[in-house]
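Peer 1: Here is how the chains run, residue by residue.
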Amino acid sequence: GDSVTQMEGPVTLSEEAFLTINCTYTATGYPSLFWYVQYPGEGLQLLLKATKADDKGSNKGFEATYRKETTSFHLEKGSVQVSDSAVYFCALSGDETSYDKVIFGPGTSLSVIP
Amino acid sequence: DGGITQSPKYLFRKEGQNVTLSCEQNLNHDAMYWYRQDPGQGLRLIYYSQIVNDFQKGDIAEGYSVSREKKESFPLTVTSAQKNPTAFYLCASSTPGLAGQETQYFGPGTRLLVL
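Chains A and B supply the protein sequences, listed in that same order. Numbering-wise, my numbering puts 90 at position 90 of the first sequence, and it's gapless, one number per residue. Every number in my numbering is 1000 more than the matching position in the second sequence, counting from 1.
Everything labelled a hint here was simulated from the structure, so no lab data went into it. It cannot be assumed that every hint is accurate.
Lysine-lysine pairs mimicking DSSO-like chemistry, simulated, CA-CA at most 30 Å apart [unchecked claim]: (1) Lys52/A - Lys68/A; (2) Lys1070/B - Lys60/A; (3) Lys1057/B - Lys1009/B; (4) Lys1070/B - Lys1057/B; (5) Lys49/A - Lys1009/B; (6) Lys1071/B - Lys1057/B; (7) Lys1057/B - Lys49/A; (8) Lys1071/B - Lys49/A; (9) Lys1057/B - Lys1083/B; (10) Lys1014/B - Lys1083/B; (11) Lys1083/B - Lys1009/B; (12) Lys77/A - Lys56/A.
Bear in mind that the values here come from a model prediction, so they are computed numbers and not experimental data.
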């Protein structure tokens, strides 16, 4: 079945460091890909998404490119801030008309220290 | 402002007790979901509903029940049959778009603890 794999955390970076969180997926068809972020004690919120191969999603300085050839959707940011400390979830949604087809990865915890 | 509200923020359950978690949305979304989140793990789908008066089991429905009498509301009951209910519960909603592209909108969550 469909699945999402993320790099294990926790990840600890100094402020202004470069961030990469790896995400790979297994899916049939042509899924949409998402990154959600969860700040401490809160629900998830959409960070960015891409709906077809070679699309780049971007938001708040974060970027991710949908790479079908490597089945990847890695999250990057050039210069992290303390306020980016959160848990990041990669997710995919199938191309069938089915509401239950959202699959989340296990999440990667990021801590940014001043 | 449109959004999803969940209450209470913290909920304590005694052994053998049923408890109900509230989820309300004013986004006019058709679909609603309940997820369970355990420490260090991703989200697991408990139940979902695509339309009023209809809902389906997710991956871990045992020990839980739901209702969908109104479009805006999707309460989750954690029954005494759920032997390990301590977790963070998240409600979400979405609206039909191109298949597979729906963004899910999440509430702030309810943390359930067993006394």
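Peer 1: Look at each hint and say if it fits the structure.
Peer 2: Going down the list of hints, with the structure as the test:
1. Lys52/A - Lys68/A: holds, 9 Å
2. Lys1070/B - Lys60/A: Violated. Lys1070/B to Lys60/A sits at ~36 Å, over the 30 Å cutoff.
3. Lys1057/B - Lys1009/B: holds, 24 Å
4. Lys1070/B - Lys1057/B: Roughly 18 Å separates the two Cα atoms, so the pair holds.
5. Lys49/A - Lys1009/B: holds, 29 Å
6. Lys1071/B - Lys1057/B: holds, 18 Å
7. Lys1057/B - Lys49/A: OK: Lys1057/B and Lys49/A at ~27 Å, within 30 Å.
8. Lys1071/B - Lys49/A: holds, 26 Å
9. Lys1057/B - Lys1083/B: Since the Cα atoms of Lys1057/B and Lys1083/B sit roughly 18 Å apart, the hinted pair holds (cutoff 30 Å).
10. Lys1014/B - Lys1083/B: Between Lys1014/B and Lys1083/B the Cα gap is close to 11 Å, so the pair holds against 30 Å.
11. Lys1083/B - Lys1009/B: Status holds; Cα separation ~21 Å.
12. Lys77/A - Lys56/A: holds, 13 Å
Consistency with the previously given hints fails for number 2 only.
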